[in-house]
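Turn these sequences into a full structure, and let the hints steer you where they fit.
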Amino acid sequence: MSRLEAKKPSLCKSEPLTNERVRATLCVLKGILTSSYGPSGRLKQLHNGLGGCVCTTSQSSALLSNLSVTHPILKILTTSVQNHVSCLSDCGLFTAILCCNLIENIQRIGLKPTTVIKLNKQLLSLCTSYLQSEFCGCRIRVDFSSTQTLLCLVRSIVASKPACMLTRQEIDHISALILRAFLLTIPENSKDRLILGESIIVPLKGQRVTDSTVLPGILVEMSEVQLMKILPIKKTDAFKVALFCASLSGDFPDTGEGTIVVNSGVSLENAVLDQLLNLGRQLVSDHVDLVICQKVVHPSLKQFLSTHHMIAIDRVGAALMEALSKVTGTQPIGSLGSISPSSYGSIKDLCTAQFGFKHFLHLLPNEATICSLLLCNRNDTAWDELKLACQTALHVLQLTIKEPSVLLGGGCTETHLAAYIRHKTCNEPESILKDDGCTQTELLLLTDAFCSALESVAGSLEHDGGEILTDMKYGHFWTAQPESPSVVNWPDLLSRCGCGLYTSQEELCWSFLKSTLHSFAPQTCLPHEAVDSANNLTLDCFTAKLSGLQVAVDTANLILDLSYIIEDKN
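Under my numbering, the first residue of the sequence shown is numbered 618, with each subsequent residue one higher.
Hints were generated in silico from the structure; no laboratory data involved. Since the model is a prediction, treat every value here as computed from it, not as a measurement. Honestly, I wouldn't trust all of these hints.
Now the in silico label distances, taken between C-beta atoms and shown as ranges [unchecked claim]:
#1 N1152 / S942: 39 to 49 Å
#2 L684 / S923: 50 to 60 Å
#3 N887 / R797: 44 to 54 Å
#4 N1152 / A936: 47 to 57 Å
#5 G648 / D997: 21 to 31 Å
#6 D1053 / R640: 27 to 37 Å
#7 V913 / L684: 36 to 46 Å
Derived lysine-lysine pairs resembling DSSO-like cross-links, with alpha carbons at most 27 Å apart [to be verified]:
#8 K965 / K808
#9 K1041 / K1131
#10 K965 / K738
#11 K624 / K1186
#12 K943 / K808
#13 K965 / K851
#14 K647 / K661
#15 K808 / K822
#16 K738 / K851
By construction, the Cβ of each residue, glycine as well, lies at the ideal position given by its N, Cα and C atoms.
Here it is as structure tokens:
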């Protein structure tokens, strides 16, 4: 028997946020996230010291999944953000940076955790109520009769991923393709419930980004030799399809601890092959045109089907099976027994296609709610980032269908919201306190910390030392070139606000964002004329940003309320 070690006592640490090492680690994480934020964010390279692939990114999903954090506080923060991103795809960096800012700012003012949590919840409620209200000055209702707002939303997402290495022309091209791919997943006739289709991203690395395209249906990659064997395809009407998820290779399944009893003189291989050929005869008698198998088809069965002018495609993989089931209108067949006539599906047409150095079989559905986004980029790193960006944009468009609103981007929602909260708490403190035992002084202290955290998120978009300002009419975010002269006419240096809605030629006055601000009431109720006249707005997903705001505040409250961390060292 091996020697047993004495059990070590658990390690108990009180008031973890007062530890300088914890604060320093949190500051380092904030620096990594802040420097990655926005279209001009700095790229990060993450790799294991023992080797393996290198990840170059500025996206929160890739950053946080590749960062190794050990301290419990950092684990709480990163796990909360990762859960948010896994559900909503967007606004991960916004959520993480805001949470870090809140923790940092609130620690400075020295209020009790119970007071902080109460007031944070009140301010969060004020934020969500305003953002969801009809008079919100930073929310735009989406008009589905025009694609302009949706295209701006997609372009904003793609442009914010610098590791994709795209030019402005390429950003426009990819954005239009993503929107087109999404529109192809919307069924033409939907009565009670809208059930969206699927966009399948097909990789084509080493090609120009402008070679990317969208096609209805599914592209199944095949070798040129395989395609030559099934050409020419001669059929004028629909193709009858048999879709198999069971292996047609003739291999025996693993019996585990069981045994197979075989009579003397019986060949298992021949018996299985006879069963496959009997299956093939049924497919022929049922006039099936196309056999698609997730796994391997036995060469003898392939030859049999080919002699009867049937097309057999194997090794399509599990990833395509759900989409193939939707395209063909049938469920995959999971056995080699007799097949019910209702188990067959159909497709409208079948043709071949070549893009770059790859060859494909193109399956065209009867109802096109499945499409293939053939995605090109110059190298593996840029393609991986672009794929993530496309997946995020497609998910955001789905969220926008459910909640047809968007928020102004480029830091303008954050600064506008901060101005609104400051004005509200200064002028109507009694409507927020509501006899919860907090004083007006505590409210004003926490409001300043809360609003400064929001403004710092907006300020994180500037990475080149430029001047950061806000206008005193709309509360929008503006940046100027670094080293501006001390006496300056701001309209000459500023062009448009962060979201692109307003120009500096309007009669505005500006203030430095980091200076002491006097509260002012930002203009609410966006004018329709201004929104309609702006063609290149920077926009954010309403659902993702609202959820990110809630996750950031709730996570900060949880971390600020921690009194002890108990670690089991065994």
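Right, here's what the structure says about each hint:
1. N1152 / S942: 39 to 49 Å: About 41 Å separates the Cβ atoms of N1152 and S942, which means 39 to 49 Å holds.
2. L684 / S923: 50 to 60 Å: 52 Å, holds
3. N887 / R797: 44 to 54 Å: Taking Cβ atoms as reference, N887 and R797 lie about 52 Å apart, which means the hint holds.
4. N1152 / A936: 47 to 57 Å: Since N1152 and A936 have Cβ atoms about 38 Å apart, the given range 47 to 57 Å is violated.
5. G648 / D997: 21 to 31 Å: 28 Å, holds
6. D1053 / R640: 27 to 37 Å: 29 Å, holds
7. V913 / L684: 36 to 46 Å: 39 Å, holds
8. K965 / K808: 24 Å, holds
9. K1041 / K1131: At roughly 20 Å apart (the allowed maximum being 27 Å), K1131 and K1041 satisfy the hint.
10. K965 / K738: Outside the cut-off at roughly 55 Å; violated.
11. K624 / K1186: OK: K624 and K1186 at ~9 Å, within 27 Å.
12. K943 / K808: Holds - the C-alpha atoms of K808 and K943 are around 19 Å apart, at most 27 Å.
13. K965 / K851: 13 Å, holds
14. K647 / K661: Status holds; Cα separation ~14 Å.
15. K808 / K822: 40 Å, violated
16. K738 / K851: With Cα atoms ~67 Å apart, K738 and K851 exceed 27 Å; violated.
Hints 4, 10, 15 and 16 from the earlier list are contradicted by this structure; the remaining hints agree with it.
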